[in-house]
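> Which chain is which? The protein sequence lines are A and B, in order.
For the first sequence, this note's numbering gives the first residue as 1, with consecutive numbering after it.
For the second sequence, this note's numbering gives the first residue as 305, with consecutive numbering after it.
Hints are computed from structural coordinates only; laboratory data are not their basis.
Predicted model only: the values in this text are computed from it and were never measured.
There's no promise every hint is true.
Far from chain B by the CB rule (all over 10 Å, computed), these chain A residues [claimed, not checked]:
no., residue
1, Ala74
2, Ile165
3, Asp177
4, Ala232
5, Thr277
Okay, the calculated beta carbon distance ranges per label pair [said to hold, decoys possible]:
no., chain 1, residue 1, chain 2, residue 2, range
6, B, Val342, A, Ser131, 30 to 36 Å
7, B, Val338, A, Gly39, 39 to 45 Å
8, A, Leu71, B, Ala427, 52 to 58 Å
9, A, Ser131, B, Thr343, 50 to 56 Å
10, B, Val422, A, Asp23, 45 to 51 Å
Partial list, derived from the structure: chain A residues whose beta carbon lies under 7 Å from chain B [claimed, not checked]:
no., residue
11, Asn107
12, Arg108
13, Ala280
Even for Gly, the Cβ is constructed at its ideal location relative to N, Cα and C.
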Amino acid sequence: MSVISTERLTRRFGDVVAVRDLDLEILGGGVVGLVGPNGSGKSTLIRLLLGLIKPTSGTATVFGAPISHPLTYAARVGALVEGPAFVPTLSARTNLRSLARLRGIANRRVDEVLEAVGLLDRSKEPAKRFSLGMKQRLGIAAALLPDPELLVLDEPTNGLDPAGIVEIRTLLRRLGDEGRTVVVSSHLLSEIEAACDALAIVRFGDLLFSGPMSELVSRAGGCIEAQPEHIADVARLADLLASRGWTVSVREGDVLVDAPASQAADVNRAAAEAGMTLCALRPRNASLEDVFLRMTGTPREASA
Amino acid sequence: MIRVVRSELTRLGSPSLLLGGIGLMAFFGLLATVVVFVTAGSGSATLPGTQNITVAMLEAPDGMFAGLQTFAGMLGIVALVVWAMSATTDVSSGLIRLLVQAEPRRLLLLGGKIVALVVFTCAATLVATIMVMPMVQGLAKSAGVSTAAWQPQLVHTMITGYFHLTLCVLLWGVVGLCAGILTRSAGISIAIGIGYLLVFEGVLSMLLGSGQKWLPGAAFGAIASGGSADMAFTTALLLGAAYALAALVVAAVTFRRRDITA
């Protein structure tokens, strides 16, 4: 059974279409990544699913209930939307108690979630004294309060140090393995790649891909990385190869050619004929990031 | 509803709100009482809807409340600030996302917030009253005001005085909540409240002449005083309730329909 299902879901803000005719289905269990460049509609989609905003058109359900009646599923969902939010002068524990009382949850659950995110020892400190990473953990703790079947986390690793990122990734993995459905939005593709079982890629409100991670990576195939001797030739080489029919993208001084390794000699020959010397030419397997960049065509935003 | 109220009261227990709200109300209560007893009979101007205080008024059975009643608007402004901040902080901190997600019945959320703020405001007004009362005797003595008429109905006067004062303060709070929900900005809400009380209603009063008694500040002031020369207490109470109801309807409709984009 699908936990989340949308059908031609659209949300406009004036002239801006944040989510456009989105058809998406997320099945129960496991960690699902929601990926897209900044401003691609991820947070809007999450707000729609949580009943914080209303769709302009289209329909969606969560646990089979329409998003126009979020009360039906609110107790089964925990969420962290666009960063943690707390009363800064109250302690972490009091902040969580306030939310627990709102949901009718016993106080002992507060300590359980504080322990789960590694904040139990510092739970008496005011939230304003917390680092960004600690606030992020507190936000995740708040999302975990209702012991949710569906956990929706918007950029949960923002502001975390590498150790914190690994901790949260492990936590997400554990929650997913327990049978919960964890939807994680992020623009940090490495995080998604490491933690998720399935993926949905959105750009400017459009769904570009939805399915298992393995399907996306196998669909990606390989590419050739060509590096001109002079950095000034990067754009010229990209234009040249594109004019010869290859699909190319540029990243960090390299031209990525969407082609199998057997065509590396053709790429080299084309560059030489145009008077450009390549200082590196290597075949490589496409990473999730390559696929994402090819799909979204927004390397700068995606790698930000 | 009880869950929502308990949750709101937990957040209202924030030290800044406790110290700011209750502390300021007690401070203004003390200040108002001192000013009234020191300046009694001098004809100093007061706030809209209030009367200039004479020594005879201070010697009346409810004279001990003259300061709090005369400057009830100032205590009302403190309530307006607290109520407005309670509404706007939820938005500015992003907490509203968590609250609405946890309890999608927005009117229930708003209702719970109002009940919690009423409890908070009643407590703050009580603290202000309790702090003022012991000081009044000393002030009366130093100002040469006879307190003979105060004693026979002391408890009754204190209860009704507190009741009237609290009603007035609550009405200002409702205005603050409405302004906070509409503007989503604590600064703008507070500026609107203070600007209205201290400037705008004064200008309107000059334009309206005798019709000024129907304005919110005048009506709320009359409630605090248990009625005024211009308006009976019951009339003022009905008018105040009408203003509050209108503000609550506007706030509720706005809060229920608005997208949570914070």
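> Give a verdict on every hint.
Here's how the hints hold up against the structure:
Residue placement check: Ala74/A does not keep its beta carbon more than 10 Å from all beta carbons of chain B (closest about 5 Å). In this structure Ile165/A is separated from chain B by more than 10 Å, as the shortest Cβ-Cβ distance comes to about 22 Å. Every CB of chain B is more than 10 Å from the CB of Asp177/A (nearest about 25 Å), matching its label as outside the interface. Here Ala232/A stays apart from chain B, with its beta-carbon at least about 44 Å from theirs, past the 10 Å limit.
Non-interface status of Thr277/A relative to chain B is upheld: no Cβ of that chain comes within 10 Å, the nearest being about 52 Å off. Separation of Val342/B from Ser131/A is about 51 Å and departs from the stated range, judged on CB atoms against 30 to 36 Å. Range check, Val338/B to Gly39/A: Cβ separation about 57 Å, and the 39 to 45 Å hint is violated. Between Leu71/A and Ala427/B the beta carbon distance is about 32 Å. The supplied range of 52 to 58 Å is therefore violated.
Roughly 53 Å separates the CB atoms of Ser131/A and Thr343/B, a value that falls within the hinted 50 to 56 Å. Checked against the hint of 45 to 51 Å, the pair Val422/B and Asp23/A passes, with Cβ atoms roughly 47 Å apart. Checking Asn107/A against chain B: minimum C-beta separation of about 11 Å lies over 7 Å; hint violated. Hint status for Arg108/A relative to chain B: violated, with the closest Cβ pair at about 16 Å, above 7 Å.
With a least beta-carbon distance of about 46 Å to chain B, the hint placing Ala280/A at the interface is violated under the 7 Å criterion.
Violated hints, in rising order: 1, 6, 7, 8, 11, 12 and 13; the structure is consistent with all others.
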